[in-house]
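Undergrad: Listed below, chain by chain, are the residues.
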Amino acid sequence: MSKRIKKIGSAPGTVIFTGDKKVEKVLIHYMQYDFKTLTEKVFDNHTEITFDKSSDKNVDWYDVRGIHDTKLIEYFGENFDIHKLVLEAIADIHQRPRFDEYDKGNFILLRSLGFDKAKLEVTREHVAIYFNQGFIATFQETESDLFETVRTRINSGKGRIRSRGTDYLAYAIIDSIVDNYYITMESIEDVIEELDEQVTLNQNFSGKTKIHNLKKELLVLRKSIAPLREAIARFSKSDSSFVKEENRIFIRDLYGNTIQIMDTVESYRDMLNGLQDLFITEVSFKMNKVMQLLTLISVIFIPLTFLAGLYGMNFEYIPELKYENAYFILLGIMFIIAMIMVVYFKRKKWF
Amino acid sequence: MSKRIKKIGSAPGTVIFTGDKKVEKVLIHYMQYDFKTLTEKVFDNHTEITFDKSSDKNVDWYDVRGIHDTKLIEYFGENFDIHKLVLEAIADIHQRPRFDEYDKGNFILLRSLGFDKAKLEVTREHVAIYFNQGFIATFQETESDLFETVRTRINSGKGRIRSRGTDYLAYAIIDSIVDNYYITMESIEDVIEELDEQVTLNQNFSGKTKIHNLKKELLVLRKSIAPLREAIARFSKSDSSFVKEENRIFIRDLYGNTIQIMDTVESYRDMLNGLQDLFITEVSFKMNKVMQLLTLISVIFIPLTFLAGLYGMNFEYIPELKYENAYFILLGIMFIIAMIMVVYFKRKKWF
Amino acid sequence: MSKRIKKIGSAPGTVIFTGDKKVEKVLIHYMQYDFKTLTEKVFDNHTEITFDKSSDKNVDWYDVRGIHDTKLIEYFGENFDIHKLVLEAIADIHQRPRFDEYDKGNFILLRSLGFDKAKLEVTREHVAIYFNQGFIATFQETESDLFETVRTRINSGKGRIRSRGTDYLAYAIIDSIVDNYYITMESIEDVIEELDEQVTLNQNFSGKTKIHNLKKELLVLRKSIAPLREAIARFSKSDSSFVKEENRIFIRDLYGNTIQIMDTVESYRDMLNGLQDLFITEVSFKMNKVMQLLTLISVIFIPLTFLAGLYGMNFEYIPELKYENAYFILLGIMFIIAMIMVVYFKRKKWF
Amino acid sequence: MSKRIKKIGSAPGTVIFTGDKKVEKVLIHYMQYDFKTLTEKVFDNHTEITFDKSSDKNVDWYDVRGIHDTKLIEYFGENFDIHKLVLEAIADIHQRPRFDEYDKGNFILLRSLGFDKAKLEVTREHVAIYFNQGFIATFQETESDLFETVRTRINSGKGRIRSRGTDYLAYAIIDSIVDNYYITMESIEDVIEELDEQVTLNQNFSGKTKIHNLKKELLVLRKSIAPLREAIARFSKSDSSFVKEENRIFIRDLYGNTIQIMDTVESYRDMLNGLQDLFITEVSFKMNKVMQLLTLISVIFIPLTFLAGLYGMNFEYIPELKYENAYFILLGIMFIIAMIMVVYFKRKKWF
Amino acid sequence: MSKRIKKIGSAPGTVIFTGDKKVEKVLIHYMQYDFKTLTEKVFDNHTEITFDKSSDKNVDWYDVRGIHDTKLIEYFGENFDIHKLVLEAIADIHQRPRFDEYDKGNFILLRSLGFDKAKLEVTREHVAIYFNQGFIATFQETESDLFETVRTRINSGKGRIRSRGTDYLAYAIIDSIVDNYYITMESIEDVIEELDEQVTLNQNFSGKTKIHNLKKELLVLRKSIAPLREAIARFSKSDSSFVKEENRIFIRDLYGNTIQIMDTVESYRDMLNGLQDLFITEVSFKMNKVMQLLTLISVIFIPLTFLAGLYGMNFEYIPELKYENAYFILLGIMFIIAMIMVVYFKRKKWF
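Protein chains in written order, with our numbering: chain U, 1 to 351; chain G, 1 to 351; chain B, 1 to 351; chain A, 1 to 351; chain F, 1 to 351.
Keep in mind the hints are simulated off the structure, nothing from the lab.
Take the hints with a grain of salt, since some may be wrong.
Same chains, same label: a pair holds when it works inside one copy or across any pair of copies.
As the list claims (entries may be wrong) - Below, simulated SDA-like cross-link-like pairs (lysine to any residue); rule was C-alpha separation at most 25 angstroms, straight line:
1. Lys-36 x Glu-245
2. Lys-41 x Ile-261
3. Lys-348 x Leu-219
4. Lys-84 x Ile-154
5. Lys-158 x Leu-296
6. Lys-289 x Lys-348
7. Lys-346 x Glu-197
8. Lys-84 x Lys-289
All values reported here derive from a predicted model rather than from experimental measurement.
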C-alpha cells in the first residue's frame with residue numbers, strides 16, 4: 001500500500017501510478033473493426049499512436065499493456081475527453097472494482113486473478129476498461145495477453161462480436177476475465193481437498209499454517225470479487241446510452257457467474273473453517289489417546305512400585321520378610337492388582 | 001469443474017457439454033395433449049423428431065434424457081427459436097439454478113437432488129426447462145424417469161393438469177422435483193439423528209469425520225437450493241405473457257416449499273455445529289475424568305512411596321528401624337495419610 | 001416427516017392427512033352470533049352439519065377438532081368454495097405458518113406451541129383458519145379446547161368481539177394462541193435459569209446434553225415462530241376486502257407481540273450459547289485446578305524420593321551413611337527443599 | 001414474566017398491571033404552561049384531578065408516577081379518548097418499546113435504564129408517553145422524578161421548550177431518558193475495563209462468571225434499546241398532525257443518539273466476547289506453563305531415580321557396588337544426565 | 001465519556017465542550033478566495049474576527065483550531081445563522097460522524113484518525129465542517145494543520161479547487177482526512193503482519209494480548225468509519241442547493257474510498273480472528289509435543305523403576321538374587337523392554 005500513500009495530498013484526478021512497474025515498455029495493441037473490415041496495429045511508442053475518431057460505427061479498441069506511463073494515460077484522456085477521476089483510477093492499482101457512468105463514457109475497474117498453488121498465493125492484476133460509442137480502451141499492468149480469446153473471436157470474424165459494438169466487447173472482455181476466475185477457484189479447491197485429505201487421514205501436521213494462509217488469501221479474493229459483483233449488477237442495470245438493450249441479457253448472464261463465484265468463495269471459507277475445527281479436534285483427540293496410555297501404564301505401576309518400596313524398607317522387624325514363599329505370593333498379588341486394573345479400564349472403554 | 005474449464009475462451013452462447021456422459025443414447029419422450037386428446041411418442045434418434053408447431057392450444061412436451069448430444073440441443077434451438085444463452089445453459093451442468101425471461105420463452109434451471117446414506121454424499125442431476133405458449137422442453141442428464149408422477153397425472157386425464165397449459169406443466173415438473181427434496185432432507189435428518197445419538201451416548205468416536213463431511217454436503221445442498229428459491233420467487237412474480245394469472249397461486253405455494261427446505265438446510269447446519277461442539281466437549285470431558293483418576297491415584301501413592309523409600313535408606317543410624325512395631329506403625333500412618341486424601345478429594349467432589 | 005413423503009406424487013391440491021390421528025372422532029363446535037343473538041351447536045358426525053349461508057351479517061364459526069377426516073375437509077371445501085390448496089394445507093401438518101389471500105377468503109396457518117419441562121421437548125399442534133365475509137372455520141389436530149378464552153368472551157356478550165365480524169374473530173383466535181407462546185417461553189426461561197445456576201455453581205455435569213437438546217428445541221420453535229411473524233405482518237398489511245380497517249390496529253399490535261417472542265427466542269439462543277461456552281470453560285478450569293494440585297505434590301515429592309533412593313543404594317563406600325546424624329540432616333534438607341518449592345509456587349500464585 | 005401470564009385470556013385492550021407495585025400511592029404531577037403562563041399542581045388522589053380541556057394552545061402535562069392503579073389509567077382513557085390498546089400498554093411493563101400513531105394521539109413506550117455496578121445488573125423502568133394537541137400524559141413505575149431536568153427547563157422559562165408544544169415536550173422527555181443511557185453505558189464500560197485489566201494482568205480468576213453475567217445483561221439492554229431505535233425512527237418520520245415540522249430535526253438528532261448507543265452495546269458485546277476468548281487462552285496458557293514445569297522436573301528426575309533404584313537392588317553380584325569411587329562416579333553421571341536434559345530443554349525453548 | 005455526562009440535563013442545542021482542552025489558544029486561519037483573488041489571515045483572538053458576508057461568489061473559509069472556546073462557536077452561530085444543534089455537535093467530541101442538511105447550510109461531522117504503532121492505539125480527532133453558499137467553517141481539536149495539502153492546492157492557484165465553491169472545498173477537506181485513513185490502515189497492517197510472522201514462527205508468546213488490544217482498537221476504528229460511510233453516502237445523494245451537480249461525481253468517488261476502508265477494517269478483523277485461532281492452536285500443539293515427550297520418557301522408565309524396586313526388596317528368599325549373572329540379565333531385559341516401547345511409539349508416530 002506504500003505507493004498509494006505517496007499519492008496522498010495530491011488533488012483528486014491526479015494521475016499517479018501506485019503499483020510496481022511490471023513491463024519495460026508500454027505496448028499498445030490497436031484493433032479497428034466493424035462487421036466487414038478489420039485493421040490491427042501494434043504501437044510500442046506512444047508518439048506513434050494516431051487517434052482515428054472519424055466514425056462511431058467502427059469499434060476502435062486500444063489495448064494498453066503497462067500503466068506506469070502516466071503521460072500516455074493523460075494523452076488518452078485529452079484525446080478522448082475522459083474524466084480526470086477515470087484517469088486517476090486507471091493508474092491506481094489499489095482502487096476497488098467498480099462500474100461508473102460518466103457523461104461521455106462508462107468505466108469499469110476489475111482484477112484479473114490467479115492462484116499460485118506452490119506458494120498458496122493469490123496473484124492479481126489491475127484491469128481498467130473505458131468505453132463510449134465506437135471507442136474502447138483497456139489497461140492492464142503486464143504484457144501478458146489477457147484477452148487473447150476475445151481477440152481470436154474477433155479475428156475469426158464469426159459470431160456476434162463483430163457486429164455488436166463496444167458495450168458487447170467490454171462485456172466479452174470482462175467475461176473472459178471472469179472465466180479465468182473459475183480456473184483460480186479450481187486451483188484453490190484442489191488445495192482444499194488435499195488439505196482435507198491430510199487432516200482426515202492425520203498424515204500431516206503442517207496443515208494449520210496452510211489453512212490459515214489460505215483463509216487470508218480468500219479474504220484477498222473476496223475483496224476483489226464482492227465489489228465486482230456489485231459493479232456488474234450496476235452495469236447490467238445501466239441506462240447509459242452506451243449500453244444497448246440487446247446486450248443486456250449477456251451482462252445479466254455474466255452477473256449470474258459473479259454471484260456463483262462469490263458463493264464459491266464463501267463456501268470455501270466455510271470449508272476451511274470446518275477443516276480448521278476438525279484439525280484442532282484431531283489434535284486434541286490424539287493427545288487424549290496418548291494421555292490415556294500414560295494414565296493406564298502409570299496407574300498400573302504406581303501401586304506396584306509402592307509395594308516393592310514397602311518391602312525394601314530396612315525395619316528390623318517385618319514379619320513377611322521371613323516367610324519362605326512371601327516373594328512369590330507378593331508377585332502373585334502384584335499380578336492380580338495389575339489385572340484388576342486392566343479389566344476395570346477395559347470395561348470403562350478407556351483403551 | 002475441469003470440463004467447465006475447457007469451455008473457457010469460447011464465445012458466449014456456445015453449446016458445450018460440461019458433464020460426464022451418463023446415458024449411451026439420448027431418449028426423447030414426446031407428449032402432445034389438450035383437455036381431450038393425448039398423443040405419446042418415444043424417439044431414440046433425433047433425426048426422427050418431427051416438430052409440430054401447428055397449434056398453440058396444445059401442450060407439446062419434449063422430455064429429453066441425456067444432454068451430451070449438443071447437436072440435438074442446437075437442433076431444438078433452431079426449430080423453436082431459443083436464445084443461444086439458454087442452449088449454452090442446458091448443456092452446462094455447472095450453472096446455478098435460475099429463472100430467466102426471454103422474449104420468446106421462459107427458462108428455468110434447477111437440480112434434482114438425492115442423498116446416499118452409505119457414502120454420506122449428495123447426488124445431483126442438472127435439469128433444464130424451457131417453455132413458451134404451447135411448447136415445453138425439459139432436459140436431464142440421465143435416463144431415469146424423474147417426472148413419472150407428472151406423466152401419470154397427465155395420462156389419467158383427471159385434474160387440472162390437462163387443461164392448464166405449459167406454465168402449469170412447468171410448475172408441476174418443478175413441484176415434483178422439489179417434492180423429492182423432502183426425501184433427501186429426511187435421509188439427512190436420519191443420519192443427523194443417528195450421529196446425535198452416538199455422540200450423546202458416547203458410543204462412537206468416528207463421528208467427527210462424519211459430521212465434517214455432512215457439513216460439506218450441506219454446503220453443496222445450499223448452493224443448489226438457495227438460488228432455486230430466488231428463481232422460484234422470480235417465476236412467481238414473472239409478468240411474462242407465458243405465465244397465466246390463475247397458475248400464479250400454485251407457484252407461490254411452491255415458493256413456500258423452497259423456503260421451508262432452505263430453512264431446514266440451515267437448521268441442519270445449526271444442528272451439526274451444535275453436535276460438533278458437543279462432541280468436542282464430550283472428548284475433553286472424558287479426558288478430564290481419566291485425568292482425575294490419574295491425579296487421585298498418583299497423589300495418594302506418591303507420599304507413601306516416598307515414606308517407603310525413606311526407610312529403605314541404608315544409613316547406619318536411623319532410630320525408627322530398631323523399634324519392634326515401627327513397621328506396623330508406619331503402615332498405619334500410611335493408611336491414615338491415604339484416607340485423609342481420599343476424604344479431602346471426596347469433599348472437593350473430585351471423584 | 002415420513003407421512004409427508006407418502007404425499008409425493010399426488011397432484012397439488014390433493015387433501016392428504018400427513019399427521020398422526022390424535023382424536024377418535026372429529027368434533028365440530030358451531031357458533032353463530034351477531035351483536036344480539038347467539039346460537040351454539042356441537043356436531044360429532046359430519047352428516048349432521050347444516051351449512052347456513054343465509055346472511056353475511058352473522059359470524060358463522062365452525063371449530064373443527066381433528067383433521068384426519070379428509071372427506072369432511074373436502075365437504076367444507078365444496079360448500080364454502082374454498083381453494084384446493086387451502087384444503088391441502090389444512091390437512092398437511094408439515095406446512096409452515098403463513099398468510100394467504102385468495103379471491104374468496106383469507107387463510108392463516110400457524111402452530112399452537114407448548115413446552116414439556118420434564119422431557120425438554122417442544123410440543124406443537126397444527127392450526128388452520130379460513131375466513132371470509134360472515135364465515136370462519138378453524139381446524140386443529142386434537143380435541144383440547146384451544147380457543148376457550150375466545151369462546152368465553154363471545155358468550156359473555158360484552159366487548160368488541162360480538163360486533164366486529166370474522167376478521168376480528170380470526171385475530172382474537174391467533175392472539176389467544178400467541179398469548180400461549182408466552183407461557184411456553186416462560187417455561188423455557190425457567191429451564192435456562194436452572195441450567196445457568198447449575199453451571200455457575202458447578203453442581204451438575206449433566207448440563208451439556210441438556211443445553212444441546214434445548215438448543216435443538218429452540219430451532220424447532222424458531223421454525224414455527226419466524227414464518228408466523230412474516231404471516232402476521234402480511235395479515236396486518238392485507239388489503240383484502242375481508243379485513244376491515246378498524247381491526248388493523250389490533251393485528252399490528254399482535255405483530256409487535258410476535259416480534260417480541262422471536263427476539264426472545266433469539267436471546268435464549270444467545271444465552272444458551274453463552275452457557276455452553278461457560279460450561280466448557282468451567283470444565284477446563286476445574287481440570288486446571290486438579291492438574292495444578294498434581295503438579296504441586298508430584299514436583300515436591302519427586303526430588304525427595306530421588307534423595308531417598310540415593311541413600312538406599314548398596315554401594316560399599318558411601319561416606320554419608322556412616323555419619324551418626326546423617327539421617328536427621330537429610331530429613332532437614334528434604335524439609336528445606338519442600339519448603340522452598342512451596343514458597344516458590346505460592347509466590348507464582350500457582351495455588 | 002409471571003404476571004404477564006395472568007393476563008392471558010383477557011380481551012385485547014383490558015388494562016391489567018403486570019409489574020410489581022413500586023409505590024404506595026400514585027402521585028400525579030400536573031403542569032400547564034404556554035409561553036407566558038405556568039401552573040403547577042400535585043394530586044395524590046385521583047378523584048382530585050380536574051381535567052381542563054379548555055384550550056389546545058396550552059400544554060397540559062400529567063406526569064403519573066405509579067401505574068398499578070388501573071382505574072386511574074382507565075379514567076384518563078375515558079376523559080381523553082385514548083385507544084384501549086394504549087391503556088393496556090401503559091399498564092403492561094413487559095411490552096417492548098414502540099411508537100404508535102392513533103387517530104387521536106401518538107403513543108411512545110420506552111424504558112428508563114440504569115446499571116448496578118455491584119450486582120452487575122441492569123435495572124429498568126417502564127415509561128409510557130401519550131400526547132396529542134395540547135395534552136400529554138407520562139406514566140412511570142416509581143416515584144423517582146425521572147424528568148426533573150425537563151421540568152427545570154420549563155420552570156426557568158427560557159429556551160425553546162415553553163413555546164413548542166407537546167411534541168417537543170415528548171421529545172425532551174425521551175431525550176432526557178436517552179441521555180441517562182449514556183451514564184448506564186459508562187458504568188458498564190467501567191466494569192468491562194476493570195475486567196479487561198484483571199484478565200490481562202491475570203490477577204483474578206472469578207472473571208469468567210462476571211463476563212457471562214455481563215453478556216446476559218447486555219442482552220437485556222439490547223432488547224430495550226433496539227426496538228427504541230426503531231420507534232424513534234418512526235417518530236422522526238411520523239406524518240401525524242401532532243408532530244410539527246420544526247421539531248422533526250430534534251427527533252432526528254435523538255435518533256442519531258439511539259444509533260450510537262445501540263452501536264456501543266454491540267461493541268461491548270464484541271469486547272466481552274474478545275475478553276472471554278482471551279480469558280480462556282490465558283487459562284490454557286497458564287496451565288501450559290505449569291505443565292511444562294512438571295514435565296521438566298519429572299523428566300529430569302525419572303532417569304536419576306531409576307539409576308538410584310538400580311543400585312539399591314540386592315543382587316549378590318553387582319560388580320559396580322564394590323568399586324570404591326563408584327558412588328561419586330554415579331553422582332557425576334547423574335549430574336551430567338540432568339545437565340544434558342536442562343540444556344536440551346533450554347534450547348527447545350521449553351522454559 | 002465522563003464530560004459527555006456533565007452535559008446531561010442541559011437543553012438540546014446547548015454548546016458544551018465535552019473533550020479535553022488540547023490547545024492553549026484558539027487559532028483561526030481565514031482564507032477568502034475565488035478564481036482570481038486570494039486573501040489569507042490568521043486570528044488568534046476571536047474579537048479580531050471580522051465577518052465579511054458581502055459576496056456569495058467568494059469562498060470564505062474559517063479554519064478553527066481548538067473547540068474548547070464555546071463562546072467563539074456561539075459567536076459563529078449568531079453571525080452565520082447556524083442551527084443550535086450544529087453548534088452543540090461542533091463542541092461535543094463524542095458525537096458520531098454524520099451528514100445533516102439544514103435549511104441554511106450542510107453539516108458534516110467526522111474524525112481524523114491515526115495509529116500509534118508503539119502503543120497499539122488509535123488516536124482520533126473530532127472534525128466538524130459547516131458550509132453554505134460562499135461560507136465554510138471547519139473545527140478541529142488541536143492546532144496541527146490537518147488540511148495543509150488542501151491549503152497548498154488553493155495557494156498554488158492551479159486545479160479545480162479555486163473555481164468550484166464551498167461544496168468542493170468541503171469534499172477536498174474530507175478527502176484529505178480519508179486519505180490519511182490509508183496511512184492508519186497501513187500502520188495497522190504492518191502490525192498485523194508482524195504478529196502473523198511471530199505467531200507462525202512461534203517466536204513470541206506475548207502476541208495474544210496484542211491481538212486482543214488490536215481487536216479492541218479496530219472496534220474503535222469501526223465506530224468512526226462505519227457512520228462516516230453512511231454520512232458520505234447521504235452527502236453524495238444530497239439534493240441540497242449547496243451541493244452542485246458537477247461536484248457530485250467526486251463525492252461518489254470518495255464514497256467508494258470509505259467503502260474500501262470499511263472493507264479493509266472488516267478484513268483486518270477477520271485476519272486477527274484467524275490469527276488468534278492460530279495462536280491458540282499453536283499453544284495447544286506445542287503443549288501436545290511437550291506432553292508427548294513426558295509420556296514417552298515416563299512410560300519407558302516406570303516399568304524399569306518398578307523392576308529395580310522389586311529386586312531391592314529385603315525378602316529372605318528371592319532366588320534370582322543368588323544367580324551370578326542375574327544383574328546383567330536384568331539389565332538386558334530392561335534394555336529390551338525400553339527398546340520395544342521406543343519402537344512401538346515410533347511406529348505409532350508419537351514422536
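Undergrad: Next step is simple, just say for each hint if it's right about the structure.
TA: Structure-based check of each hint:
Within a single copy, Lys-36 and Glu-245 get their C-alpha atoms as close as 23 angstroms, which meets the 25 angstroms cut-off; across copies the closest is 42 angstroms, which misses it. For the homomeric pair Lys-41 and Ile-261, neither the shortest alpha-carbon distance inside one copy (35 angstroms) nor that between copies (41 angstroms) is at most 25 angstroms. For a Cα distance limit of 25 angstroms, the shortest separation of Lys-348 from Leu-219 qualifies neither inside one copy, at 46 angstroms, nor across copies, at 34 angstroms. Proximity of Lys-84 to Ile-154 under the C-alpha cut-off of 25 angstroms is restricted to the inter-copy arrangement: shortest distance 18 angstroms between copies versus 31 angstroms within a copy.
Taking the closest pair of Cα atoms, Lys-158 and Leu-296 never come within 25 angstroms of each other, the shortest separation being 77 angstroms inside a single copy and 72 angstroms across copies. Taking the shortest alpha-carbon separations for Lys-289 and Lys-348, both the intra-copy value of 14 angstroms and the inter-copy value of 11 angstroms come in at or below 25 angstroms. Taking identical chains as interchangeable, the C-alpha atoms of Lys-346 and Glu-197 lie at most 25 angstroms apart only when they sit on different chains, with a minimum of 22 angstroms there against 31 angstroms within one chain. For the homomeric pair Lys-84 and Lys-289, neither the shortest alpha-carbon distance inside one copy (66 angstroms) nor that between copies (60 angstroms) is at most 25 angstroms.
Hint compliance for this structure: hints 2, 3, 5, 8 are not met, and every other hint is.
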